[in-house]
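Peer 1: Since each chain sits alone in its own frame, please combine them into the complex, following the hints.
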Amino acid sequence: MKGLLLTLQITVVSVLIGTVVGLLFAFFKLSNSKILNWIANVYIAVIRGTPLIVQIFFFYFGLSELGISSYWCATLGLALHNSAYIAEIFRGSIQSINKGQLEAGRSLGMSTPLAMRRIVLPQAFRRALPPLGNQFIIGLKDSSLAAFISSSELFNVATTQGSRTFEEMTYLLIVAIYYLVLVLLFTLLVNRLEGKIAGGDE
Amino acid sequence: MEQRKVMIKVNNLNKSFGDLHVLKDVDIEVHEQDVVVLIGASGSGKSTLLRCLNYLEYKESGSITIDGKVIEPDQTDLNKVRQEVGMVFQHFNLFPHKTVLENVIEAPVMVKKIPKDKAVEEGRALLKKVGLADKEDVYPSKLSGGQKQRVAIARSLAMKPKIMLFDEPTSALDPELVGEVLSTMKDLAREGMTMLVVTHEMGFAREAADTVVYMHDGKIVEKGTPSDIFSQPKNQRTKDFLGTIL
Ligand SMILES: Nc1ncnc2c1ncn2[C@@H]1O[C@H](COP(=O)(O)OP(=O)(O)O)[C@@H](O)[C@H]1O
Ligand SMILES: [Mg+2]
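In order, the protein sequence lines correspond to chains V and X. Counting from 27, one number per residue, gives the positions in the first sequence under the numbering used here. Counting from 11, one number per residue, gives the positions in the second sequence under the numbering used here.
To be clear, the hints were calculated from the coordinates, so they are not data collected in a lab. Hints are not guaranteed to be accurate.
Simulated crosslink set (EDC-like; lysine to aspartate or glutamate; CA at most 20 Å straight-line) [what the hints assert, rightly or not]:
1. V/Lys125 <-> X/Asp177
2. X/Lys122 <-> V/Glu129
3. X/Lys152 <-> V/Glu114
4. X/Lys108 <-> V/Glu220
Chain X extracted, bound-state conformation (with noise of 0.2 Å):
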């Protein structure tokens, strides 16, 4: 069997709404340098399990750890934790008074404390990667959906996070723009970072995706390769899901 860190474990998580019971005896692992896709219909509880997982919503029960730390709100500084679990959201969330290259290094100057002309420098070669390095001095809404979402990719990755959260990163944007942030995050999962994404993207899932996990109200129902579970899935509903969507 193989040796690899776990990055993110949760073990029996529950989360509810009001009345509302989201997340139900949730378990997920997630190894370093692994690609999980999770997919499953709206309002099943995908975002919120993201969002737990960095306690922008706080859990009921259960537990997460995070790189071997157990986290607890009460115990945890939390701020770290979001440090080290960098989140990707679907209308990407770009400061709009900043331009790019402020969006970029707005954390790790105010946060980490690091020299601005070291964050400069880090910032932009981390444009250059998502290849936007001519749009530093942009403001946001001058930019396309697909260049936003890859400004927002590069402003995570400036905290140097050991995990990247990706909620639905395609869904907003215009289909002709869907590939170019697709293609920034294939790149990222070749360099080893540790992601759970929530996408419909499945050429993304069969590419990159080391697992697919498939929830369905609140529950995992059912994981395994792509090729495990788009070519044969087991469960009836993920037969039904992938029926709908493919």
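Chain V with its partners taken away, still in its complex shape (with noise of 0.2 Å):
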């Protein structure tokens, strides 16, 4: 059950910090600065070019060396390794929404920065919800390779209750179990919340 805890725990606070991370790549990818671009194209390049468990080690062995606890070095982990992800993910939905509409909050005499954000990244966020919700689900399952760097996760928990008994079998299966509600619980929370906003669409 701690494992449980710890599981939802890091998936939660690494998918927070990738959606404020992400957002900022996002935004670096729209601006009309050269390097910005760059910097945002690279970033995602290369994240998405790794595979997780790399990233993971790579943290851990990098910041454990600074004092930085195993729990952490997972969550930062993942949390970068899901705002490569999740700066796709906005970068598509800003784009996603209607020219005129920035320019009517312009033509309004808002400035860009204010329609942004009053006007098109609430409209962004609305339609970046199944795609997020898709990359929290993957994250939660990413978790388990926290497991590598031995926080007390659920996979991890699993496999060293499973050595020690020798039914390791048994454990995966029961772990396999809960990954599965928890994901079906989220499926059907995140779907609720699209019923619920689905109101407001064009």
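Peer 2: What follows is the structure, given as structure tokens:
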């Protein structure tokens, strides 16, 4: 049960951090500055192009030296991993908002940042919700990799319990069911959330 | 000669998109309280002209004077200019995530920092004026095109602009919904709003316009009173164009 909570915690925190960082890189990609575009492209390419487990170990070896707990190493590794995917989600959803929306805001005297914040982003967030939910589920399952740097999350608890009792298969099965239930519950939650805010769509 | 204030004065305006020279030495003048209707074939540069006037597009050369102030992007607060020049779009561009009333009060509250209850009060009055008092809590997706456009007009008016620009406000509407929008615009004209309107509704031009301007291929070809332009156009191009739409 403690493993379950930790899994959820790692996932939620890493997706939250990933969302903030992802939004930042989405803006970099959409900005007119060639340098910012380049930074975002390299960042996203590196993260999407390398295995998550390598990234987690990279953080583990890099940060644990500085006295950062393996929990935070795992969470940060997952967060940055998520951020690259979330950046692409936000970029797509912002670009999908009709240009007329920004113009209507501007024509009323709103500055571009204000019109972005009040008009474009709220709509873009709504549109980003289904793929974000999807990313959350991927993040949830990816968090199992934190086991390799021995956070006592779900998967790790299962495998250590398993090797102690030599009933690995049983424990893995239980863990699989845990994940499945989490994912299903979360899917349900996202669907309800989507249904709730569908009212304001065009 | 009449001495009314010139609200919009454009001299030698030029604008290109890459190699495409869209506006060519355009001169136009709109007096206070006047309604000027701009007609011309699709692609002749009407929208671009309107968009240059509130700097959604930046001019290349020439001068734009709004209410006596010369507008230069690097010296003028364009957000301020846009507050004074309302714009109504062909496709409404209402904010779909906000209710009708929220659409109307958004800019007064966020830009002008008007207290919310005052903005709500003014917003309701505007909705009443465009005949949509009962729709304030509805989302735009639930409205007909004509209702959407009337909300868009109310939303613009909420900023108390000195000038209203309309870019084919009825072109996206089903024919039976055109009338309600035009009648809202006529009310506005009667109240003395200064308006520059791109439209193909010649009935509206006849009834409400002080001046009709015909544009062809980025140039102003002819201007005059509606009766002059419609009954005795001087330019052959104008005659041909009117022949295609009347
Ligand atoms: N943002 C733009 N980029 C490139 N070309 C444009 C852009 N906006 C308009 N144009 C071109 O400028 C010309 C005039 O367009 P527009 O002002 O929309 O004409 P109208 O409103 O009279 O139909 C057209 O040929 C159009 O394709
Ligand atoms: Mg046009």
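Peer 1: Now tell me if each hint is right for this structure.
Peer 2: Hint by hint, here is what the structure shows:
1. For the hint linking V/Lys125 to X/Asp177, the alpha-carbon distance of about 16 Å falls within 20 Å, and the restraint holds.
2. Between X/Lys122 and V/Glu129 the alpha-carbon distance is near 18 Å, which keeps this suggested pair within the 20 Å criterion.
3. Distance restraint check for X/Lys152 and V/Glu114: the Cα-Cα separation of roughly 32 Å exceeds the 20 Å cut-off, and the hinted pair is therefore not satisfied.
4. Simply put, X/Lys108 and V/Glu220 have alpha-carbon atoms about 16 Å apart, close enough for the 20 Å limit, and the pair holds.
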